[in-house]
Amino acid sequence: GDSVTQTEGLVTLTEGLPVMLNCTYQTIYSNPFLFWYVQHLNESPRLLLKSFTDNKRTEHQGFHATLHKSSSSFHLQKSSAQLSDSALYYCALRGTNKVVFGTGTRLQVLP
Amino acid sequence: GGIITQTPKFLIGQEGQKLTLKCQQNFNHDTMYWYRQDSGKGLRLIYYSITENDLQKGDLSEGYDASREKKSSFSLTVTSAQKNEMAVFLCASSTNSGNTLYFGEGSRLIVV
Chain A
1 GDSVTQTEGL VTLTEGLPVM LNCTYQTIYS NPFLFWYVQH LNESPRLLLK SFTDNKRTEH
61 QGFHATLHKS SSSFHLQKSS AQLSDSALYY CALRGTNKVV FGTGTRLQVL P
Chain B
1 GGIITQTPKF LIGQEGQKLT LKCQQNFNHD TMYWYRQDSG KGLRLIYYSI TENDLQKGDL
61 SEGYDASREK KSSFSLTVTS AQKNEMAVFL CASSTNSGNT LYFGEGSRLI VV
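Protein sequence lines, in the order shown, are assigned to chains A and B. So the first sequence is numbered by the numbering used here: it starts at 1 and just counts up by one. So the second sequence is numbered by the numbering used here: it starts at 1 and just counts up by one.
Here chain B stands alone, though its shape is the one from the complex (with noise of 0.2 angstroms):
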């Protein structure tokens, strides 16, 4: 078995600010995802990345950056923190012919 483990799990930052959330698997998967999980708005899809140095925008990209330098680790950023973008953010991976999805235990964003 695997985990993944993204950190920190609270992130709190100033309206503006630029905040990184981080995320590491050891499935040995090739695709990794970002979620943002709102309430009554399901999971949307902010980045997705199918193998290292690739990136894949989702229905929600716009206000986010995301890295993907190792096969292992994806990190999401939020470029100008906004008091509206408070929510869960929940990084999952998979491999590429699979379909499950093994999901984080979620980042908590508060600004402030």
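So that you can see chain A by itself, here it is in the shape it has in the complex (with noise of 0.2 angstroms):
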């Protein structure tokens, strides 16, 4: 079935930094989507970004991922971290009307 991989729990970096949290993916579906979803303490999960077209960047809040079909990824990327990006990331993959989550993971800026 279905299935999305975050290889790590968490990640710990000090503002200002670039972030990048991986993500893959597995599925027979030809054309999933891909969505990073965040989760903020006490909040529930909302869409960051999501794709549908290979090879296409998308953008959100300062946020990019690209779909990369042939390496089944969809990492997430930031140039500059800030303190506010503190907060557990979820990927997720569509493939008919299912979505599947990955683990999670919690991203931890520091000052």
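It is worth saying that the hints were derived from the structure and are not from the lab. Hints are not guaranteed to be accurate.
To be verified - Straight-line C-alpha distance at most 30 angstroms; calculated BS3-like pairs for lysine-lysine:
{"no.": "1", "chain 1": "B", "residue 1": "Lys83", "chain 2": "A", "residue 2": "Lys50"}
{"no.": "2", "chain 1": "A", "residue 1": "Lys50", "chain 2": "B", "residue 2": "Lys18"}
{"no.": "3", "chain 1": "A", "residue 1": "Lys50", "chain 2": "B", "residue 2": "Lys71"}
{"no.": "4", "chain 1": "B", "residue 1": "Lys9", "chain 2": "B", "residue 2": "Lys57"}
{"no.": "5", "chain 1": "B", "residue 1": "Lys57", "chain 2": "B", "residue 2": "Lys18"}
{"no.": "6", "chain 1": "A", "residue 1": "Lys78", "chain 2": "B", "residue 2": "Lys70"}
{"no.": "7", "chain 1": "B", "residue 1": "Lys41", "chain 2": "A", "residue 2": "Lys78"}
{"no.": "8", "chain 1": "B", "residue 1": "Lys71", "chain 2": "A", "residue 2": "Lys78"}
{"no.": "9", "chain 1": "B", "residue 1": "Lys57", "chain 2": "B", "residue 2": "Lys22"}
{"no.": "10", "chain 1": "B", "residue 1": "Lys71", "chain 2": "A", "residue 2": "Lys98"}
{"no.": "11", "chain 1": "B", "residue 1": "Lys18", "chain 2": "A", "residue 2": "Lys98"}
Using the hints, put the two chains back together into the complex; each one sits in its own frame.
Structure representation (structure tokens):
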């Protein structure tokens, strides 16, 4: 079945440094949607960005990701981390109607 | 805009008890989902429903039942609560063609 892998459980970095959170996926569906959701403390997950198009960069709120079907990847990046970026980040996959999430990566940005 | 309301926010029950969580949405979305959130394990899909009276099992459906009697509501029942099931349960909805999931605030299950 569909699956999403996020290899890092916790990423800690200093404010101002670049962010990269990894996401790879497996699906038999040829046109999956990939998503990044962000969950701040005591809040529910909300959509950060999404993509359907191969090799096209998607950006929102300073974050960006590019869906690469050849490597089944959808890594999340930001050029300069801010303290307010500290949160739990989930990569998710939608093949048909079912949406499957990864285990999440906690990003901790330190001053 | 719309809202997803989960009730109760906290559900306390005894081991072996049957417990039900409810979810209502006013987005008029077709698809609704129940996820379980455990620290370090992410969001795991329990059940989803693509329309009224439809039910589809997720990866974690054993020990749970679900019901979608109306388009706007989706309930989840823990058939026999166990202490290792203490977690946050998140309800979400989306359109069938669209892709963004909108989440409720979550219900925390506590088993004593």
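We went through each hint and held it up to the structure:
1. Lys83(B) - Lys50(A): 36 angstroms, violated
2. Lys50(A) - Lys18(B): With a Cα-Cα distance of about 37 angstroms, the restraint between lysine 50(A) and lysine 18(B) is violated, given a limit of 30 angstroms.
3. Lys50(A) - Lys71(B): Roughly 26 angstroms between the alpha carbons, so the hint for lysine 50(A) and lysine 71(B) holds.
4. Lys9(B) - Lys57(B): At roughly 24 angstroms apart (the allowed maximum being 30 angstroms), lysine 57(B) and lysine 9(B) satisfy the hint.
5. Lys57(B) - Lys18(B): 19 angstroms, holds
6. Lys78(A) - Lys70(B): 42 angstroms, violated
7. Lys41(B) - Lys78(A): 24 angstroms, holds
8. Lys71(B) - Lys78(A): Cα-Cα ~39 angstroms, so violated.
9. Lys57(B) - Lys22(B): 17 angstroms, holds
10. Lys71(B) - Lys98(A): The given pair, whose Cα atoms are some 17 angstroms apart, holds under the 30 angstroms limit.
11. Lys18(B) - Lys98(A): With Cα atoms ~26 angstroms apart, lysine 18(B) and lysine 98(A) stay inside 30 angstroms; holds.
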